[in-house]
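Chain order of the listed sequences is A and B.
So that you can map any letter, position 205 of the first sequence is 205 in the numbering used here, and since no number is skipped, the others follow by simple counting.
If you count the second sequence from 1, you need to add 1000 to reach the numbering used here.
Wrong hints could be hidden among the right ones.
[Stated by the list, open to error] In silico lysine to any residue, SDA-like type, Cα no more than 20 Å apart, as pairs:
(1) B:Lys1310 - A:Tyr151
(2) B:Lys1248 - B:Val1437
(3) B:Lys1310 - B:Pro1266
(4) B:Lys1333 - B:Val1256
(5) A:Lys237 - B:Val1437
(6) B:Lys1310 - A:Glu252
(7) A:Lys251 - B:Arg1403
(8) B:Lys1421 - A:Arg255
(9) B:Lys1375 - A:Tyr232
(10) A:Lys251 - B:Lys1268
(11) B:Lys1310 - A:Arg255
(12) A:Lys262 - B:Lys1310
(13) A:Lys124 - A:Leu136
(14) A:Lys251 - B:Asn1330
(15) A:Lys237 - B:Tyr1382
(16) A:Lys262 - B:Asn1330
(17) A:Lys237 - B:Arg1380
(18) A:Lys237 - B:Pro1366
(19) A:Lys237 - B:Glu1367
(20) A:Lys251 - B:Asp1487
The set of hints was computed from the structure by calculation and includes no laboratory data.
Residue-level listing of the chains:
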Amino acid sequence: MKKRNSLASGSVSALLASLLCILIGLVIGFICLVALSWANAAKTGGDLSNVLANAWKSGFKPILMGGFFMKPIGIGREIASAAPLIMTGLSVGFAFKTGLFNIGAAGQYTLGAFGALFCAIVLKMPWWACLIGATLFGAVWGAIPGLFKAYLNINEVITAIMFNWIGLYAVNTIMYGGGTGVMYDAKATKTWALRTSYPDAVIPDLGLSKYFMNRSTTIAIFLAVAVAVLIYVVIQKTTFGYELKACGNNKEAARYAGINEKRNIVLSMVIAGALAGFGAGLYYLSGVAEWSPMNSTALPGIGFDGISVALLASSNPIGIIFSALFISHISTGGGFMNASVFPPEIADVISGIIIYLCAFALLFRVALGRLSGKREKEKVNVNAEPAPTAEENGKEGDA
Amino acid sequence: MEEYVIEMLHITKEFPGIKANDDVTLQLKKGEIHALLGENGAGKSTLMSVLFGLYQPEQGTIKKNGQVVEIRNPNDANDLHIGMVHQHFKLVEVFSVLDNIILGVEPCKGGLLQKAEARKKVVELSERYGLKVDPDAKIEDISVGMQQRVEILKMLYRENEILIFDEPTAVLTPQEIDELMEIMRGFAKEGKSILFITHKLNEIMAVADRCTILRKGKYMGTVDIKNSSKEELSRRMVGRDVEFAVQKEESKPGDVILEVKNVTVPSKLHKNNAVKNVSFQVRAGEIVCLAGIEGNGQTEMIYALTGLTKQSEGSFHLCGQDISHTSIRNRSKSGMSHIPEDRHKHGLVLDYTLEQNMVLQRYWEPEFQQGGFIKFGAVRQYAQRLIDQYDVRSGQGPITAARSMSGGNQQKAIIAREIDKDPKLLVAVQPTRGLDVGAIEYIHRQIVAERDAGKAVLLVSLELDEVMNLSDRILVMYEGEIVGEFDPKKTNVQELGLYMAGARKEGAEQ
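Please take these sequences and the hints and turn them into a complete structure.
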C-alpha cells in the first residue's frame, strides 16, 4: 500500500507541476491580453465589459481552442507542427537523462533539414531514405559536442552553441551556392518545393490531408509518437538505458561500476542529434515549408522549443508527446487571434510566457514534492521511530 | 565547583519528520571535560549547533551561569564566550596562521590593521598552552594537527571559556591525539570547560570527567567516568552489549592472489608521485591492511589497483593474470570486488533504487538481462535475497531510493553487493567510516568471514583500532611509500603511530 502511494506521488507531482505552470502561464497571458485590449479601447472607445469581451473573444479564446478554433484545417496544422516538436523535445530530454544539456538541438535540426533536402533533391531518394539521411546528419552534428565532452572535457553547452551557428551558416552557404546551388530555386528564393518537384520524397499522408483539408498533415505525427515510445522503452527497460541514467545521475559511480562513461556520453549525444535530425526530416519532408537560405539567419525555433517541451514533461518521453502537442496547440491558436485587435506578435509573447514558465516545472515539482514529502514523513512519525534524514546520513536499525 | 557554566535544559529540536533532539538535558560544570557520546544521527551535532546558535530549539532553555540566555547566531555564542572547533576546519588556506586567528576580530586603528599586538597575544597563548604554533606559517604548509591547533588558538584568542570540540581526533595520529588530550587537560585545569563530541570510547575513558549519552535523539543519562566502563557506555549508546574485539581464528594464508609490483602513481594534487614504487602481495585467506594517515597515497594506490586511475609504472597481477592495463569491468570480472572509500561518490547511484544499486556491477550478466532488456523480475528477486541475507534495512525494500537510506544500511548494501559477487580479492577501503559500533561489529564479522572462506582481503583503514583488530598483516604507508610491515600481535599502536607519522622507517624489510 505504502509502496504504491509513494510511487504514484512522484509522477503525480510531476504532472501537477506541469499543469500548474500551464495554468499560471495562461493567467498571465490573459492579463496581457486584457491590458492590450484596454489600450486598444482607449483609442476606439469602449467600457470594461467590452474590453474583457474583446480580450476573450479575439485573443484568449483562439489560444485556448488552438487548432480547434478553425476545424479541421487548424487541427491538421497543429498536428503537423507537433511532430517535429516531439522530436526536438525527445532530443533534449534524452540528453538530460544522461546529465547532458543538449542546447544544440537547433543545430542538429538544421543539419537534419539539410540531410533531408539533400537526399530528396540531389540524390532523388524516396521519403523514408530521406528520413534516414536527415537522422544521420543530425547524429553527426550531435556527436561532435559529445566527443569534445567525453574526451577533452569541454562543456557540451559551449560546443553545441558554436556548432549551432557553424551548422546554420554552412547549410545556408551550401544550399545557396552563390545563387546557383542545385538545391536552390532562385525564383522562389527557397529550396525547391518537394511537393511539386520531388513528390516521391514527401511523406505519405494516407488520406490525412484530405480529412484535415491541409496538405502538410502527413503520417509524421505517428512516426514521432512511435519514436517517443521507442525511446521510452530504451530508457526504462534496457541495460543501455540503465547505463545512461547511471552516468547521468552519478558519473563517478558509473565508472566505478565498469560502465564506459565516455562512450555513453558520445552515444547519448549521437542519439540526441539523430532525434533532432529526424524531427527536421519530418517537418521538411511533410512539405510544411521550404528552407530559405537567404533569410534563415536565425536558428530554427523548434530546436529551442524542444528544451521547453522536455522541461514541461520532466524529460519523460511519453510526457513529451503531450507537452509538444500542447505547445503546438497554443502557438497554432495564437495564429487565429484577431490581428486587427492584437498584433500578431502577441501570440508569440503568450506562448513565450507559458514556455518560460515551463522552465519552472522542475521548481514546482520540487516544491510539490516537499509538500507531499512532509505529509508522508509526518504520518510515518506518528507510529514509527524517527527516520534519519538523508543529509544526516543517520544511522538506525542496527541495534 | 558544583556550579554549572552552561545548562541546556529539556532541549527539543525537530526537523521535518524527525525529532533530532527530544527533551535532552546537558549540564556542563566549570573546569570539566564533558564528553558527548552517541551513534551517528543520535543528535550530537544538532545539540551542539543549538548551543552554537546555528539552530533554534522548539522547546527548552539554555542557561549560562544560572541566567537564561538566548543564542540566535554564532556571534551571540561568541559573546557568551562559547567557541567551537569544527570537524572540518574553517581556515583560509593561503593565509598565515596569525591572519586566520584574527580573521573576524581584526585589531584596527584608523582603518589600519594592528598586527603586532595581535601577534604578541597569539605567541603568548601558544606558549602558555604548549601549542608550538608558528604565527607566520601558511595554513597550507602545516600539518592537519597544527591546523587544529590554529582552530584552538582562534577560540583562545577570542577568550572563549566554553570550548566545543567536534570529533577532534578523527584526523590525528596517536601521538597527536595524546598531545591534544594533554592540551585539553591543561584547559580544564585553567578553569575552561570543554565539550568533547566523539564516538570513540577509549578517548572518553582517557580524558573525560563526565559523559552525556544520546540515543536516537533521546537523553540516555549522564555518567561519571570514574565509576563507569567502556561496556556500560556502549550499552547505553547502542542499547545492547557490543563486542569490541573481532573474533577470528589464526589466518591460514594460501596462494598469492594479488601481486603489486613497483607501482608508481602520479598525484592529482601536486607534481610529485602519490605512490612511489610500491610492491606487496596479498594471499588467499589473509587480511592485509594498508595503514596510514589520510593522504599518504592509500587512496591513489587503490584507485590504480581498481582501475579508476592509471599507474605510471608497475604492474598488478590478480591470480597470476596481468590486469595492469585492463578496464574496470575486466578487473571486476576477473574476481576483484571493491568497497569504495566514498560510498556516495563511487559506491551508489543515490537516485537509483536499492535494487538498481544492487546490480550496479552485474546488470549486464545473462542472469539480469536478455537481449539488452533488463529482467526486472530477476533483479527484484536478487535484491530481495541480498536484503534478507545481509539484513539491509530500508523503508520500502528493493524500491527504496538509495538516497533515503541511512549511512549504515547504504554501506551494508554495498558490502552485500561486493561480497555476493564471490570475489577472489576483496578490496575494502575504510569500510566502517562514519559508522557506529553496532554496524562496525557487523561489517568486521563479514570481512573475517570472507577471509575464512579463502578470499584475499586488502583493507585500507585510518582507524588504528580497526587496523589492529582486523588485519593479519599491516603495511604502513607514509608519503607514498610502504615504510614498514608488521604483525598486529607483535606491535602496538604507539609503534605504528611513529611509522605513520614518518618518524621511523624500515630499511629493507619489504
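Structure-based check of all given hints:
Taking the CA atoms of B:Lys1310 and A:Tyr151, the gap is near 16 Å; set against the 20 Å cutoff, the hint holds. Note on B:Lys1248 and B:Val1437: the hinted pairing holds, with a Cα-Cα distance of about 18 Å set against a maximum of 20 Å. Under the criterion of a C-alpha separation no larger than 20 Å, the hint pairing B:Lys1310 with B:Pro1266 is consistent with the structure, at around 9 Å. This hinted pair checks out: B:Lys1333 and B:Val1256 have alpha carbons roughly 18 Å apart, not beyond 20 Å.
Distance check on the hinted pair: A:Lys237 and B:Val1437 sit about 40 Å apart at the alpha-carbon level, beyond 20 Å; violated. Note on B:Lys1310 and A:Glu252: the hinted pairing holds, with a Cα-Cα distance of about 15 Å set against a maximum of 20 Å. Between A:Lys251 and B:Arg1403 the CA atoms are separated by roughly 16 Å; this keeps the pair inside 20 Å, and the hint holds. Restraint check for B:Lys1421 and A:Arg255: satisfied, since their Cα atoms lie roughly 18 Å apart, inside the 20 Å limit.
For the suggested pair B:Lys1375 and A:Tyr232, the alpha carbons sit about 16 Å apart, so the restraint of at most 20 Å is met. Between A:Lys251 and B:Lys1268 the CA atoms are separated by roughly 18 Å; this keeps the pair inside 20 Å, and the hint holds. Between B:Lys1310 and A:Arg255, the direct Cα distance comes to roughly 13 Å. Compliance with the 20 Å bound is thereby established for this hinted pair. At most 20 Å may separate the alpha-carbon atoms for a hinted pair to count; A:Lys262 and B:Lys1310 meet this at roughly 16 Å.
Restraint check: the Cα-Cα separation between A:Lys124 and A:Leu136 comes to about 17 Å, which is no more than 20 Å; the hinted pair holds. Among the hinted pairs, A:Lys251 with B:Asn1330 is consistent with the structure: their alpha-carbon atoms are about 19 Å apart, no more than 20 Å. The hinted pair formed by A:Lys237 and B:Tyr1382 meets the criterion: a straight-line CA distance of about 17 Å does not exceed 20 Å. Only pairs whose Cα atoms come within 20 Å are accepted, and A:Lys262 paired with B:Asn1330 is accepted, the gap being roughly 17 Å.
Among the hinted pairs, A:Lys237 with B:Arg1380 is consistent with the structure: their alpha-carbon atoms are about 14 Å apart, no more than 20 Å. Restraint check for A:Lys237 and B:Pro1366: the C-alpha separation of about 15 Å stays at or below 20 Å, so the hint holds. Of the pairs offered as hints, the one joining A:Lys237 and B:Glu1367 holds, with about 15 Å between alpha carbons and a cut-off of 20 Å not exceeded. This hinted pair does not check out: A:Lys251 and B:Asp1487 have alpha carbons roughly 39 Å apart, beyond 20 Å.
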